[in-house]
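Q: The chain contents come next:
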Amino acid sequence: MSEFRMPSLGADMEDGVLVEWLKQAGEAVSRGDIIAVVETQKGAIEIEIFEAGTIERLLVDPGTRVPVGAPLALVRGAGEPARPAVAEATPPMPKSEPAPAPAAPSRPVARPIEARPSEATRDRTSPAARQLAAVRGIALAGLVGTGPGGAIVRADVERALAKTGAPTPRRGIDPGEMRKAIAAAMARSNREIPHYYLTHQVDVTATLAWLEALNAGRQPPERLLLAPLLLKAVALTLRDFPEFNGHFVENAFRPSAEIHIGTAIAIRGGGLVAPAIHDANIKHLDELMAALRDLVARTRAGRLRSSELFDPTVTVSSLGDRGVDGLLGVIYPPQVALVGFGTPASRPWVVGDRIGPRMVMTASLAADHRASDGHRGALFLLAVARRLQEPEGL
Amino acid sequence: MSAAGMVQTTYREAVRAAIRAALKADERVFLMGEDVGRYGGCYAVSKGLLAEFGPERIRDTPLSEAAFVGAGIGAALGGMRPIVEIMTVNFSLLALDQIVNTAATLLHMSGGQFNVPVVIRMATGAGRQLAAQHSHSLEGWYAHVPGLKVLAPATLADARGMLATALEDPNPVIIFEHVMLYNMAGELTADAGAVPIDKAAVRRLGRDVTLIGYGGTLGKALEAATALAADGIEAEVVDLRTLRPLDTATIVASVARTRRAVVVDEGWRTGGLSAEISALIMEHAFWELDAPVGRVCTAEVPIPYPRHLEQAALPQPAAIVAAVRATLGR
Amino acid sequence: MSKDDIRRIVIEEIANIAPDTEPGAIDPGSDIREALDLDSMDVLNIIIALHTRLRVDIPEADYPLLLTIAGATDYLAAKLAG
Chain A
1 MSEFRMPSLG ADMEDGVLVE WLKQAGEAVS RGDIIAVVET QKGAIEIEIF EAGTIERLLV
61 DPGTRVPVGA PLALVRGAGE PARPAVAEAT PPMPKSEPAP APAAPSRPVA RPIEARPSEA
121 TRDRTSPAAR QLAAVRGIAL AGLVGTGPGG AIVRADVERA LAKTGAPTPR RGIDPGEMRK
181 AIAAAMARSN REIPHYYLTH QVDVTATLAW LEALNAGRQP PERLLLAPLL LKAVALTLRD
241 FPEFNGHFVE NAFRPSAEIH IGTAIAIRGG GLVAPAIHDA NIKHLDELMA ALRDLVARTR
301 AGRLRSSELF DPTVTVSSLG DRGVDGLLGV IYPPQVALVG FGTPASRPWV VGDRIGPRMV
361 MTASLAADHR ASDGHRGALF LLAVARRLQE PEGL
Chain B
395 MSAAGMVQTT YREAVRAAIR AALKADERVF LMGEDVGRYG GCYAVSKGLL AEFGPERIRD
455 TPLSEAAFVG AGIGAALGGM RPIVEIMTVN FSLLALDQIV NTAATLLHMS GGQFNVPVVI
515 RMATGAGRQL AAQHSHSLEG WYAHVPGLKV LAPATLADAR GMLATALEDP NPVIIFEHVM
575 LYNMAGELTA DAGAVPIDKA AVRRLGRDVT LIGYGGTLGK ALEAATALAA DGIEAEVVDL
635 RTLRPLDTAT IVASVARTRR AVVVDEGWRT GGLSAEISAL IMEHAFWELD APVGRVCTAE
695 VPIPYPRHLE QAALPQPAAI VAAVRATLGR
Chain C
725 MSKDDIRRIV IEEIANIAPD TEPGAIDPGS DIREALDLDS MDVLNIIIAL HTRLRVDIPE
785 ADYPLLLTIA GATDYLAAKL AG
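Chains as they are written, first to last, in the working numbering: chain A, 1 to 394; chain B, 395 to 724; chain C, 725 to 806.
Isolated chain A (complex conformation) (with noise of 0.2 Å):
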């Protein structure tokens, strides 16, 4: 038996709300299934799960806030007879959360002074009422407690909502809340990662001559578009460089042997989430390019994965067709390395010793200086840029 756990969605993520189990008790599960929706601050994000076997029980109803690490349900392992889990190492204890300010009214407001509340003044409330409190934003002052001592249970605060119909977490992207994401994950990246910089112009013009050639074979279904090309000459070049690949934790750099490319997409009206393509320098560039549409669409959508947040190991962010020349990046914590490509654009180039109109693309790369130093990134973003010239390599 294992425990089904509240997962990590990035650096910035303490717990989410589960919106929806999709999996019942006794249902058979296979790795890679998704089996419930949680709310966070990247929108709604369907979760699953890395084993097979049964779902043995569900431990938490929808509607309830989850710190990461928390118990979610238990599975029974395939071919497993109904073992017990027994956890040797204790969950990380729920975080208590600031409960809501309390509507300031219905409260005596003379209150006799007194040096400290006493034992017997103190307002009591169980943990289950002021989880359920803080989850959908019910101020506790005011409720009228039924249990032990006049405690409030978690039945006051039901009843409470009930009474005022307090809406409930509500699915997709809540703009305010992936704003609070991103500037807490950018604030921390700033605070703790010494970025330096690196920027490479790029001859592309024989790169998109290519494309172009590939694309008038084919139908519009199966045409590729360059951002594919990018993470492909990214992935592969990264095999030859691990500083840049992996993660920065507990003071020390550790490279990843898989290459999850988190990808920045944009979301209209403000917003950016940079979920994974996973082993992106294994995958041909049709299933990168199919990869990207499902993610572009599942992102705006608000119906990512949980494996697509966890675990990206570097960020590549394009600016597309329609940008500027370039970028500087922040990297994303616990990243170290965020790589930056500028809209293409016809530019006077020398070649030989002539100079004539080529498209020139902007490549950048910001790393984390801990991880890596300049020297080794410029060589680097050297190599990328000789890959995406020779796109048949890709």
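It should be emphasised that the hints constitute simulated quantities derived from the structure, not laboratory data. Only a predicted model underlies this, so the values are computations on that prediction, with no experimental measurement involved. You may find that some hints are simply not true.
[To be verified] For each label pair, taking beta carbons as the anchor points, the in silico distance ranges come out as: (1) Asp-751/C with Ala-290/A: 44 to 52 Å; (2) Glu-250/A with Arg-522/B: 56 to 64 Å; (3) Gln-402/B with Gly-137/A: 58 to 66 Å; (4) Gly-374/A with Asp-781/C: 45 to 53 Å; (5) Arg-179/A with Asp-751/C: 25 to 33 Å.
[Stated by the list, open to error] Covered stretches of chain C (in silico footprint by chain A; criterion: 3 or more residues with CB under 8 Å from a CB of chain A, positions within the stretch not fixed): (6) 740 to 749; (7) 766 to 779; (8) 782 to 793.
[Said to hold, decoys possible] Facing chain B, from chain A, some residues (calculated, C-beta under 10 Å): (9) Leu-74; (10) Gly-77; (11) Asn-215; (12) Pro-348; (13) Val-351; (14) Ile-355.
Glycine included, C-beta positions come from ideal geometry on N, C-alpha and C.
Given chain A's structure and the hints, the job is docking chains B and C onto it.
A: Just chains B and C, lined up with the frame of chain A:
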């Protein structure tokens, strides 16, 4: 299962049937202990087995717990599958060195080379006016020790089924049989056999509070649940079945649903099993709780001899009902 | 199929790809990428949708002709007529 497939039996007969089946199934199995042969066992569990299986396999031993438990451990190391019976947990203290220092540690100290597949059965608990040296519930002490598995069958099916599974375990297993259960009568399926020994069981479903008991306290918890139901309070009753390792998942899942728990333990409160369960609930389900975890334990005295004092010292349904009401505030 | 039908289909497909926009409310002569904040993936998806629904061939070199609603309507009408 149709009624035709049921047989009338008692807890004592179910334990005996389990031993008989084990002796028949595996010639390495034998029973050893004080008075298990000619006398038929101090609680008459092994009556008739000497005649059926002979003195090689039903062995009366000298009155030295240290010696015969040690012999059982030696036999297990030598490839046998001994069932060692100790009259009561109080007497097992004389064999504590063998159980804790030898049986529980050998696998570890031999770097995994020697396992000790011994099963030790013993009676536990009070209620028969046997006074302070024959009535204590010390199973929580054994549940403290890594290297041991500790079982507490509370039902006929578990009395019949736990032994076979325990004998299959490559490591030492201790089975506690509560003295007040031996006469418990009821029906058991004719083909009852081995049961899992690693999972607690929900014996009654309820939504308002979880009562957690085992062995001798399961019946009292169920009795309290019936009384509470008359007042519209629905108690869920969890039978721990295995005291080590505890089935945290089942306990936590139930408490997460009912949001209240009362642990019923015939051991003493201080440093006892009930404290461990309460701590587990705190660690795993704190945010689910609507009330502090309640405990109903034996009074912190040596078990008294006079009947009225003995009964007053033990957890009783009325005390369980009161503890439940305290968690509900009504 | 009338030009109005084609225009309606163009607007419908844009709205399918970018449900958070209102393509019917913009100037039909404006660049949809600017007016609706569409990126290259959106544009490709719109072209795929129109290609699939109307069964017309749209070479990549013609994409610039489809970047306004009016332009796309004219382009597709000509293709369907031909």
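Q: All hints, please: hold or fail.
A: Results for each hint:
At roughly 34 Å, the beta-carbon separation of Asp-751/C and Ala-290/A lies outside the given 44 to 52 Å, and the hint is violated. Checked against the hint of 56 to 64 Å, the C-beta distance between Glu-250/A and Arg-522/B comes to roughly 59 Å, which is consistent with it. A beta carbon spacing of about 59 Å between Gln-402/B and Gly-137/A agrees with the range 58 to 66 Å that was offered as a hint. As the Cβ distance of Gly-374/A to Asp-781/C is approximately 49 Å, the hint placing it in 45 to 53 Å holds.
Distance hint for Arg-179/A and Asp-751/C: a CB-CB separation of about 30 Å, consistent with the stated range 25 to 33 Å. Check result for the segment 740 to 749 of chain C against chain A: holds, 3 residues qualifying (beta carbon to beta carbon below 8 Å, three or more required). With a cut-off of 8 Å between beta carbons, the segment 766 to 779 of chain C has 6 residues touching chain A; three or more are needed, and the interface restraint holds. Given as covered by chain A, the segment 782 to 793 of chain C passes the check, having 4 residues with a CB less than 8 Å from a CB of that chain where 3 are the minimum.
Given the 10 Å rule on beta carbons, the hint for Leu-74/A holds: about 5 Å separates it from the nearest Cβ of chain B. Restraint check, Gly-77/A versus chain B: the minimum CB separation of about 13 Å is more than 10 Å; hint violated. Violation of the interface hint for Asn-215/A is found here, the shortest Cβ-Cβ separation to chain B being roughly 55 Å, above the 10 Å cut-off. For the restraint placing Pro-348/A at the interface with chain B, the shortest Cβ-Cβ distance is roughly 65 Å, beyond the 10 Å limit, so the hint is violated.
Look at Val-351/A: its Cβ only gets to about 67 Å from chain B, farther than 10 Å, so that hint breaks. Proximity of Ile-355/A to chain B is violated relative to the hint, the smallest CB-CB distance being about 69 Å (cut-off 10 Å).
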